[in-house]
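Chemist: Going letter by letter, the sequence shown gives residues -17 to -1, 1 to 496 in mature numbering (1 follows the signal peptide of the UniProt record, and there is no 0).
No lab work stands behind these hints: they were computed from the structure. Just so you know, even glycine gets a beta-carbon here, dropped at the ideal spot from N, CA and C. The reader is advised that the hints may include incorrect statements.
Unchecked claim - The calculated DSS-like cross-link candidates involving lysine-lysine, where the alpha carbons are at most 30 Å apart (straight line), are:
1) Lys65 x Lys370
2) Lys311 x Lys218
3) Lys398 x Lys334
4) Lys441 x Lys310
5) Lys67 x Lys299
6) Lys373 x Lys420
7) Lys218 x Lys442
8) Lys67 x Lys310
9) Lys231 x Lys284
10) Lys172 x Lys85
11) Lys433 x Lys286
12) Lys370 x Lys414
13) Lys299 x Lys336
14) Lys368 x Lys390
15) Lys441 x Lys331
16) Lys172 x Lys331
17) Lys231 x Lys200
18) Lys227 x Lys307
19) Lys286 x Lys299
20) Lys311 x Lys334
21) Lys227 x Lys310
22) Lys370 x Lys398
23) Lys284 x Lys334
24) Lys65 x Lys172
25) Lys218 x Lys314
26) Lys286 x Lys442
27) Lys314 x Lys207
28) Lys336 x Lys414
29) Lys331 x Lys442
30) Lys284 x Lys442
Claimed, not checked - Computed beta-carbon distance windows for the label pairs:
31) Ser235 x Gly70: 25 to 35 Å
32) Thr413 x Lys441: 30 to 40 Å
33) His136 x Lys441: 44 to 54 Å
34) Ile73 x Glu39: 24 to 34 Å
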Amino acid sequence: MVGLVFVTEYLVAITTAFYGRGTAPASKTWNVYAGSATIRYKSRLVARGFTQIPGEDFFFSYSPTLSLNSFRIMLAIASILKLKLHGIDILTAFLTGKMDCKVYMEIPKGWKPKTPEEIRLYNSGLPLALLVNKSIYGLTQASAIFSLTLLEHLNAIGFVQLYSDPCLDFVMKRIGDKFEFRDEGELKKTLGIRVGSDNEGNYWISQEDYLTRLAQKYDITPTKRAKTPMITGSKLDEYEEHEKVDQKAYRSIIGAAMYAAVATRPDICYTLSRLASYSQDPRTIHYIAAVRLLQYLVNTKDKRITFKAASKPELKAYVDASWKTCKKTGKSYSGYFISLSNAPVVWKSNKQKVVAMSSGEAEYIALSDICRELVYVTQLLQEFKMKIPKPVPVYCDSQAAISIAAKPGFTQKGKNIRIEYHNVRDNYQTKQICINKIPGEDNPADILTKALPGPSNKKHCDFLFPISYREKLTIMLQGTRKRKITTKALPYKLPRLVGPTSAQTPYESPTSI
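Take these sequences, add in the hints, and give me the full structure.
Modeler: Take a look at the structure:
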């Protein structure tokens, strides 16, 4: 079946007076979709928005997108309230909004006049242009116009937009009154993330399909050696004697792993943060560490975050810092994650902006980061009408940092701490948070601040990615069967080295990792 569709119903011919300041000619692209039974061809008229002039052809282009943090919080709320999630696809979404200003296009080939006025102008011999009455694909402001059109209709039918995240709404009814959409049923996949649920109201998310594609792209096979994201004690800062590698190939690996880190895999955030800092000048030591990270992801691609059904929301936060991790700058690393009903919904691992003078100060700076994030999370949950008990428990393994937060006024240990980090003390004194001491070996945020040995890494991963009793039983049964794991001599082809080569290059091959 072949279908050829022009969106001329959204366009009106005008005279040549405005032709000179119109946009460049619209391009036409062919997209082929292969379904289970038929192949459908369609043509789409696209405006070349990159030729538009700001202030003349458009005035705004911003449209909000849902953050992954909000997406995970939404799943946690759905599990708590035992709600079902459905996915819908609004058809030709960008063609539904009215233009906010006059935009002109050259007439594309194949267009024919229909109305008497169009025929009269077409036969006059004058050069003609098209006036865009409704939004069209390719315009700079197309997504912004659709966002405003959707918001206007949602408000009219009873939706309430949240201030904490403008992409989250409460639906009441009649979304199909204005928009034609396809109901895709219960939510199974979105943004490359697989979403699963059961009859008990539990939800889980994973990126097993995404990681499988990465393994095929980079020719990575499972190996028993890569049991952790990074080797403990890796000296990534001492790279001067190592040869340079292809920057594009290195960045490709980092970018591929980045989406897994921000979506479903907090266990690789620290390793990825360290490796990403060398993207400007990657060496062989960094490249091999990146390959090991991919091997670890492939080995553990079945890990998933589980949002368990609960009677009420339970908000907790875990925070940690490693002092002077960066040997070049002396800066420390912060790591934290926030759990809602024992499922991690927000996490981060990053290098601190200032040099901490002590480990206690580094932990205090990390506490400042978690306090800022808790403001966003609690506000979002309050807008969802969720009652969160105060104070929110924050678990930290530094008694020095807890003492700085608990003691008001001037202290000898905290006199050099910058004022902006004292939001910790304010949140503590107003009972927004309570800081609890936790042993360092039991702090799951430890995985976000340093490279851990295998047993410690597994311990914290079991906390982040818990599995059910049925899954444990399945794993035990599978473990009784002998399975042969195939490996290759080189799980990934090393890129062309840049610079002088040497037979005594001081780096390990991936097989020795």
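Chemist: Which of the numbered hints are not met once you compare them with the structure shown?
Modeler: 8, 10, 14, 22, 27
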